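S.K.: Use the sequences and the hints to build the structure in full.
Number of protein chains: 2
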Amino acid sequence: MKDIKDMKEKDFVLGIDMGGTNTEFAVVNARGEIIGRDSIPTVGHKDIYDFVSCLKGAVDALLERTGTNGCIRAIGVGAPCANQYTGCIEAATDLPWDSPIPLASLLERAFSLPTSITNDANAAAAGEMAYGHARGLKNFIMITLGTGVGSGIVCDGHLLSGSRGFAGELGHVLVRGNGDRLCGCGRYDCLETYCSAKGIVRTAKEMLGNSDMDSELRSVPEESLSAKTICEAAQRGDVIAKDVYEFTGKILGEACANFAAFTDPEAYIIFGGVAKAGDLIVEPMRQAMERNMLHLYKDRVEILFSSLKDAEAALLGASALAWDMPEI
Amino acid sequence: MKDIKDMKEKDFVLGIDMGGTNTEFAVVNARGEIIGRDSIPTVGHKDIYDFVSCLKGAVDALLERTGTNGCIRAIGVGAPCANQYTGCIEAATDLPWDSPIPLASLLERAFSLPTSITNDANAAAAGEMAYGHARGLKNFIMITLGTGVGSGIVCDGHLLSGSRGFAGELGHVLVRGNGDRLCGCGRYDCLETYCSAKGIVRTAKEMLGNSDMDSELRSVPEESLSAKTICEAAQRGDVIAKDVYEFTGKILGEACANFAAFTDPEAYIIFGGVAKAGDLIVEPMRQAMERNMLHLYKDRVEILFSSLKDAEAALLGASALAWDMPEI
Numbered sequence: 052m053k054d055i056k057d058m059k060e061k062d063f064v065l066g067i068d069m070g071g072t073n074t075e076f077a078v079v080n081a082r083g084e085i086i087g088r089d090s091i092p093t094v095g096h097k098d099i100y101d102f103v104s105c106l107k108g109a110v111d112a113l114l115e116r117t118g119t120n121g122c123i124r125a126i127g128v129g130a131p132c133a134n135q136y137t138g139c140i141e142a143a144t145d146l147p148w149d150s151p152i153p154l155a156s157l158l159e160r161a162f163s164l165p166t167s168i169t170n171d172a173n174a175a176a177a178g179e180m181a182y183g184h185a186r187g188l189k190n191f192i193m194i195t196l197g198t199g200v201g202s203g204i205v206c207d208g209h210l211l212s213g214s215r216g217f218a219g220e221l222g223h224v225l226v227r228g229n230g231d232r233l234c235g236c237g238r239y240d241c242l243e244t245y246c247s248a249k250g251i252v253r254t255a256k257e258m259l260g261n262s263d264m265d266s267e268l269r270s271v272p273e274e275s276l277s278a279k280t281i282c283e284a285a286q287r288g289d290v291i292a293k294d295v296y297e298f299t300g301k302i303l304g305e306a307c308a309n310f311a312a313f314t315d316p317e318a319y320i321i322f323g324g325v326a327k328a329g330d331l332i333v334e335p336m337r338q339a340m341e342r343n344m345l346h347l348y349k350d351r352v353e354i355l356f357s358s359l360k361d362a363e364a365a366l367l368g369a370s371a372l373a374w375d376m377p378e379i
Numbered sequence: 052m053k054d055i056k057d058m059k060e061k062d063f064v065l066g067i068d069m070g071g072t073n074t075e076f077a078v079v080n081a082r083g084e085i086i087g088r089d090s091i092p093t094v095g096h097k098d099i100y101d102f103v104s105c106l107k108g109a110v111d112a113l114l115e116r117t118g119t120n121g122c123i124r125a126i127g128v129g130a131p132c133a134n135q136y137t138g139c140i141e142a143a144t145d146l147p148w149d150s151p152i153p154l155a156s157l158l159e160r161a162f163s164l165p166t167s168i169t170n171d172a173n174a175a176a177a178g179e180m181a182y183g184h185a186r187g188l189k190n191f192i193m194i195t196l197g198t199g200v201g202s203g204i205v206c207d208g209h210l211l212s213g214s215r216g217f218a219g220e221l222g223h224v225l226v227r228g229n230g231d232r233l234c235g236c237g238r239y240d241c242l243e244t245y246c247s248a249k250g251i252v253r254t255a256k257e258m259l260g261n262s263d264m265d266s267e268l269r270s271v272p273e274e275s276l277s278a279k280t281i282c283e284a285a286q287r288g289d290v291i292a293k294d295v296y297e298f299t300g301k302i303l304g305e306a307c308a309n310f311a312a313f314t315d316p317e318a319y320i321i322f323g324g325v326a327k328a329g330d331l332i333v334e335p336m337r338q339a340m341e342r343n344m345l346h347l348y349k350d351r352v353e354i355l356f357s358s359l360k361d362a363e364a365a366l367l368g369a370s371a372l373a374w375d376m377p378e379i
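Those sequence lines, one after another, are chains X and P.
Residue numbers in the first sequence follow our numbering, run continuously in steps of one, and reach 379 at the last position.
Residue numbers in the second sequence follow our numbering, run continuously in steps of one, and reach 379 at the last position.
I should point out that these hints are in silico values taken from the structure, not numbers from a laboratory.
Keep in mind that this is a model prediction, so the values were computed, not measured.
Among these hints, one or two may not hold up.
The list cannot tell twin chains apart, which means a pair is met if one copy fits it or any two copies do.
[Stated by the list, open to error] Derived EDC-like pairs (lysine to aspartate or glutamate); straight-line CA-CA distance at most 20 Å:
#: 1; residue 1: LYS349; residue 2: GLU141
#: 2; residue 1: LYS349; residue 2: ASP240
#: 3; residue 1: LYS327; residue 2: ASP294
#: 4; residue 1: LYS301; residue 2: ASP240
M.R.: Okay, structure coming up:
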C-alpha cells in the first residue's frame with residue numbers, strides 16, 4: 052500500500068519520443084529539467100513486443116542510473132500518428148510495424164505506469180504549456196513546421212482532442228493556391244504543401260523555373276536543395292531565396308488569419324526546422340496575417356518562437372503529457 | 052439564509068432573447084419546456100437603464116403569473132455581438148444604444164441573479180447541447196445561416212470561448228471565391244458573403260446576369276428577391292434557383308471540410324432561415340464536404356438540422372446558458 056510519503060516522491064515523469072530511426076527517452080522533473088536521457092534504435096526489432104521489451108530494459112537502466120526508480124509518476128509519449136484518444140499509433144508510415152499499434156496499453160503493461168500518447172505537434176503544444184512560452188497562456192496554437200506541418204490547439208486552457216483525437220490537423224487545411232500542389236494525403240493545396248520543408252523546396256523550384264534572375268540556388272544540385280540551403284541563401288541576400296520565404300510566410304499568415312476565427316488565440320507558437328528561418332518567414336507571415344484578419348483579432352495575436360531547445364523539445368513535450376495523468 | 056429546500060426548488064431558468072425590435076423572455080425548466088413567455092419592445096426606451104427597468108417589471112409579472120417567483124436559478128441572454136467573456140454587448144449595430152453595453156452586470160444588479168450573455172450562434176449551440184440533437188454530443192459545430200453566418204463550436208464537451216470570447220466566428224473565414232464579394236466586415240469573400248441570406252440573393256443576381264436561361268426569378272422585382280423566394284422557385288424546379296443553392300451548398304461544404312481539421316467534430320448542426328431550404332442546400336454541402344475532406348474525417352461527420360423549434364430556439368438557447376452558472 053502506498054503511503055503519503057511515497058505519493059509525494061513521485062516527482063518525475065518519463066518522456067518518450069519515438070522517431071522513425073531512434074526512440075529517445077528521458078526522466079524529467081516538474082520544472083522541465085532533464086535528469087537523465089538515453090535512446091534505443093526504433094528499427095531492428097523482431098516486432099513491437101520486442102521493441103517494448105528492449106525499451107523497458109533501457110529505461111530501467113536509466114532509472115537505476117538516475118536514482119529515480121519508483122519515483123516516476125507516469126509516462127508521456129510523442130509518436131507519429133499517435134492518437135491520445137485511442138492510445139494507438141494509427142497509420143504511421145514512418146514506423147517499421149503495421150498500424151494500428153496499441154502503444155499506450157503495451158507500455159502500461161510493461162511499466163505498470165499510466166501512459167498517455169499523442170502526436171508530435173500536440174506533444175509540442177503540451178511541452179510549451181508545461182515548461183515553455185505558453186506557461187500561463189490559455190489560448191494558443193502551436194504550429195510545427197518541419198517535414199510536414201502539424202498543429203496543437205489549446206483553447207480555454209485545454210489541448211483540443213475532438214471526437215476521435217484528430218483535432219488540430221491544420222497542416223491539412225486547404226489554402227487558396229493554384230490547386231496544383233499534390234499533398235501526401237491525396238488532395239491538393241493543403242497548407243503543408245506550401246509551408247513544410249518540402250513545400251519550400253517546391254516553391255523554390257517553381258520560382259527558379261519561372262524566372263531568369265540570377266540566384267545561387269541555380270548552382271545547387273537539385274537533390275541538395277533543401278529548406279535549409281534556401282534559408283542560408285536568403286540570409287546571404289539571394290533575391291529568389293528571399294522571395295521563397297516571403298511567399299511561404301504569406302501563405303502561412305493568410306491561413307493563420309482564418310485560424311484565429313476558430314479559437315480567438317493569444318498567440319501562435321511556431322516550432323520546427325523551418326521556423327529556424329526566423330524573421331525571414333515570420334515577418335511576411337505577420338503581415339499577411341494582419342492584412343487578412345477580421346478586425347476583432349487584429350493586433351491581438353502574437354507570433355512567438357518555441358522556447359524549448361530543439362534537442363529537448365520532443366522529449367519535454369512527451370513528458371508534459373504525463374503530468375496530467377492520474378496516478379495508478 | 053437559504054436552506055436546502057430553497058436550493059432544490061430553483062428548478063427554472065430565465066432565457067432572454069434580445070433582438071433589434073423585440074426582446075423576448077421565458078421561464079424554462081430543465082427539460083427545455085417553456086413554462087411561460089412574454090416580450091417587450093427593445094426600442095423606444097430613454098436609455099439602457101430604462102430598458103432594463105422595463106424588462107424587470109415585465110419579467111416580475113411573468114414570474115408572478117407562472118408561480119416561479121424565487122425559483123429562478125440564473126439568467127441566460129442571447130444578444131447580437133454579446134461577449135460571454137466580458138459580459139458586454141460589443142459593437143452591436145442592430146441595437147439602439149452605444150456599445151459596449153455591460154448587460155450582464157446590469158441584469159445581475161436588477162434581478163440579483165447570476166447572468167450569462169452570449170451571441171446568438173453560441174446560444175443556439177448551448178440550446179442544442181442542453182435540449183436538442185446535441186444532447187450527448189461532445190464535439191459539434193453549430194452553423195447559423197440567416198442574415199449573417201454565425202457559429203458555435205463545441206469541442207471535448209465545452210463551448211469554445213477563446214482568449215477574449217471571440218472563438219467561433221466562422222462566418223468570417225475567408226473562402227476560395229473570386230475575391231470580389233465585399234463583406235460587412237470590410238474584407239472580401241468571407242463565408243458569410245456566400246452562405247447568408249444576402250449572399251444567396253447576390254449569387255442569384257450574378258447567375259441571372261451571366262445566363263440567358265429562362266427563370267421565374269426574372270419576373271421577381273429586384274427588391275423582392277430573397278433567399279426564401281429563391282428557395283421556393285428551386286422547389287418548383289427552377290434551374291437557376293436550384294443552381295444558386297447548389298453553389299451555396301458547395302461553398303459551405305468546402306468550408307466545413309476545412310473546419311473538421313480543427314476540432315474533429317461528430318456533426319455539423321445547421322440552423323436559421325437559410326437552413327429551411329433543407330436538402331437543396333445540405334445535399335451539395337455534404338457532397339462538397341466529403342470531396343474535400345481529409346481521409347481521417349471522411350464519412351464520419353453528420354450534417355443535422357437543428358431540432359429546436361424556430362419560435363423557441365433563441366429563447367431556449369439563451370436559457371441553456373443559465374444552467375451552467377453557479378447559484379449565488
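S.K.: Could you run down the list of hints and mark each one as holding or not?
M.R.: Here's how the hints hold up against the structure:
For a Cα distance limit of 20 Å, the shortest separation of LYS349 from GLU141 across copies, 16 Å, qualifies, whereas the shortest one inside one copy, 38 Å, does not. When the C-alpha separation of LYS349 and ASP240 is checked against a cutoff of 20 Å, the pair qualifies only between copies, where the shortest distance is 18 Å, while the shortest distance within a copy is 26 Å. Taking CA atoms no more than 20 Å apart as the test, LYS327 paired with ASP294 passes inside one copy only; the shortest distance there is 17 Å, against 48 Å between copies. For the homomeric pair LYS301 and ASP240, the shortest alpha-carbon distances inside one copy (14 Å) and between copies (18 Å) are both at most 20 Å.
Consistency with the previously given hints is maintained throughout, with no hint failing.
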